[in-house]
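Undergrad: What follows is each chain in one-letter form.
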Amino acid sequence: MTDLFRIGGRELRSRLLLGTGKFPSHDVMKKAVEASGADIVTVALRRVDATSATDNILDFIPQKCVLMTNTSGARNADEAVRIARLARASGAGDWVKIEVIRDNKYLLPENLETLKATEILVKEGFIVLPYMSPDLSMARRMADAGAAAVMPLGAPIGSNRGLRTRELVGIMVREIKVPVIVDAGLGSPSQACECLEMGCAAVLVNTAVAIAEDPVQMAAAFREAVIAGRRACLAGLPVRGQVANASSPLTGFLRNE
Amino acid sequence: MIIRINGKEERIEKTVNLSAFIGARNLRPEGIVVEHNARIVPREIWETVTLAENDTLEIISFVGGG
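Respectively, the protein sequence lines represent chains A and B. Everything in the first sequence is counted per our numbering, starting at 298 for the first residue and increasing by one. Everything in the second sequence is counted per our numbering, starting at 22 for the first residue and increasing by one.
The following block holds chain B by itself, in its conformation from the complex (with noise of 0.2 Å):
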């Protein structure tokens, strides 16, 4: 299925949680944070959101600046 990540389209294989999807990605959960379909997802449900064709994600981190 199809899912947009940071903007960009991504086809991923089989239906995953977003807890297994981040973790497969090699991202440090205590780093990030996550929109799922413009809605912030709180680190403690991960497990309970299942991703789901045409989904789009926001996974941001904290940078330097100003």
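Bound conformation, chain A alone (with noise of 0.2 Å):
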């Protein structure tokens, strides 16, 4: 079954974005990477340590693989305009996720200021992913500015908890035009794979495989929730009914009636 999604004028077959943070190491995370299928990967940008060498991460991710930088640490659109340009001028392309956070304590994403810069970045010819809080007008905003695609949030980042924003993300599915990837708070494969399910044309994941006790097996696990989930999508799923109804024919009985 060939069903390819197209974001930035790129065809992409993996519905599974993957982070590259919290793994245990650079291997477990490249074996992960693989693993997991993904056609897309995020990384951050920070300042070096300057009192230790390390290995240069972009070694470990597989050459097949699109980059894309996220803009965490921003506090606002400036800043994640900022982080934006020095990924591109370090050679990592111009693929970009904004995430803008001036909250601490959930991490919740500030969605006016992560529509301002994704209006800069798309006129400086970036393709631009927003991070975002679920809410349709600001979504059709980024849209109609140019973003290639909306990433509401399922839950707090690295929370775990699954698609709680299941209703908000559900009007952005049925809504956006551009392709809805539910980012941050899923934390098994079910989760994901009910995000696919429901329409959702991908989701990005990193906590739930980078501390999983498995790392690699987790994220061979969520490249087959994904699927599976964009199968059911495709396949179209049976509506809910409040009572029974019956699987086997309601004639023929063997009874002495």
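These aren't lab readings, by the way, just hints derived from the structure by calculation. Certain hints may be false.
[Claimed, not checked] Footprint (simulated), chain A over chain B, 3 or more residues, beta carbon under 8 Å: (1) 48-56; (2) 73-84.
[Said to hold, decoys possible] Restraint-style ranges between C-beta atoms, simulated for each label pair: (3) B/61 <-> A/441: 28 to 34 Å; (4) B/58 <-> A/322: 35 to 41 Å; (5) B/31 <-> A/510: 24 to 30 Å; (6) A/421 <-> B/31: 28 to 34 Å; (7) B/69 <-> A/376: 23 to 29 Å; (8) A/322 <-> B/65: 29 to 35 Å.
[Unchecked claim] Computed footprint of chain B on chain A, listed as stretches where at least three residues anywhere in the stretch have a Cβ under 8 Å from a Cβ of chain B: (9) 304-318; (10) 332-341; (11) 379-387.
Bear in mind that the values here come from a model prediction, so they are computed numbers and not experimental data. C-beta atoms are modelled at their ideal positions from N, C-alpha and C, and glycine is treated no differently.
Starting from two chains that each stand alone, build the complex the way the hints lay out.
TA: Structure (structure tokens):
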């Protein structure tokens, strides 16, 4: 079954995007990326620690993957724009996940600043995927501004709580023309599967894979869950009922009647 | 002279260009990006940038992130 989707002019096969944070080692991360089948992986930018030479994480990311730099650490649009420009200058390409956060407790995105950064970076030729609180009006504005996809959160980052925002994400899926990718909060393959079942284009997962006892196995599990969810979506889920609806015929019973 | 590197003030002994400065710090050029006085400096022109008193440098690299 060839079922590709398109972001930023690129055809993508995998509906699982993988983050690279929190893995026990670069080697494990590399194996997990391979097991996940992800076409897009995210990285962050930070000040170097001049006291210790570390391996370049980019050396551990398979060549075939699209690198998408997040703007984590940004507290406003200007900081996000600065980080995106730095990423491009480093040769990491044009893909950027805008992440603007001011709230340290829940790490919820600042939608207005995220929109401002989207407007600026799209004009500069970036392929922009804003991480956002699920809000139809804001998602429309982001799509109108040229966002290549919109990425509503399922639950707070790293919380593993699943698709708590289901109703709002569902509205976005039905109304927004660009791909809707659930990013953040997904803690198990079944939760990722649920997102695809309901019509999300893809999911972005990091913590649930990275901190699993066996990240490589978990990456493979997410890969399969996403494929299953997408297939179910295409197949068409049945209507839910309040009472039983027998699966076996209700005639021809072996009774003395 | 004093320059500010990644938010911390440091004293450097003599005038150097950016390329030599990075080289002396054991940093691998291919993995890092440098901002000099808030302007991104492409690797190809590091040699042409000479550090001066009160300059600000940000030296940045990729790390894991979601």
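Undergrad: Look at each hint and say if it fits the structure.
TA: Now the hints, each set against the structure:
{"no.": "1", "hint": "48-56", "result": "holds (count 7)"}
{"no.": "2", "hint": "73-84", "result": "holds (count 6)"}
{"no.": "3", "hint": "B/61 <-> A/441: 28 to 34 Å", "result": "29 Å, holds"}
{"no.": "4", "hint": "B/58 <-> A/322: 35 to 41 Å", "result": "36 Å, holds"}
{"no.": "5", "hint": "B/31 <-> A/510: 24 to 30 Å", "result": "42 Å, violated"}
{"no.": "6", "hint": "A/421 <-> B/31: 28 to 34 Å", "result": "32 Å, holds"}
{"no.": "7", "hint": "B/69 <-> A/376: 23 to 29 Å", "result": "28 Å, holds"}
{"no.": "8", "hint": "A/322 <-> B/65: 29 to 35 Å", "result": "33 Å, holds"}
{"no.": "9", "hint": "304-318", "result": "holds (count 3)"}
{"no.": "10", "hint": "332-341", "result": "holds (count 3)"}
{"no.": "11", "hint": "379-387", "result": "holds (count 5)"}
Figure legend: structure checked against the earlier numbered hints; the only hint not met is number 5.
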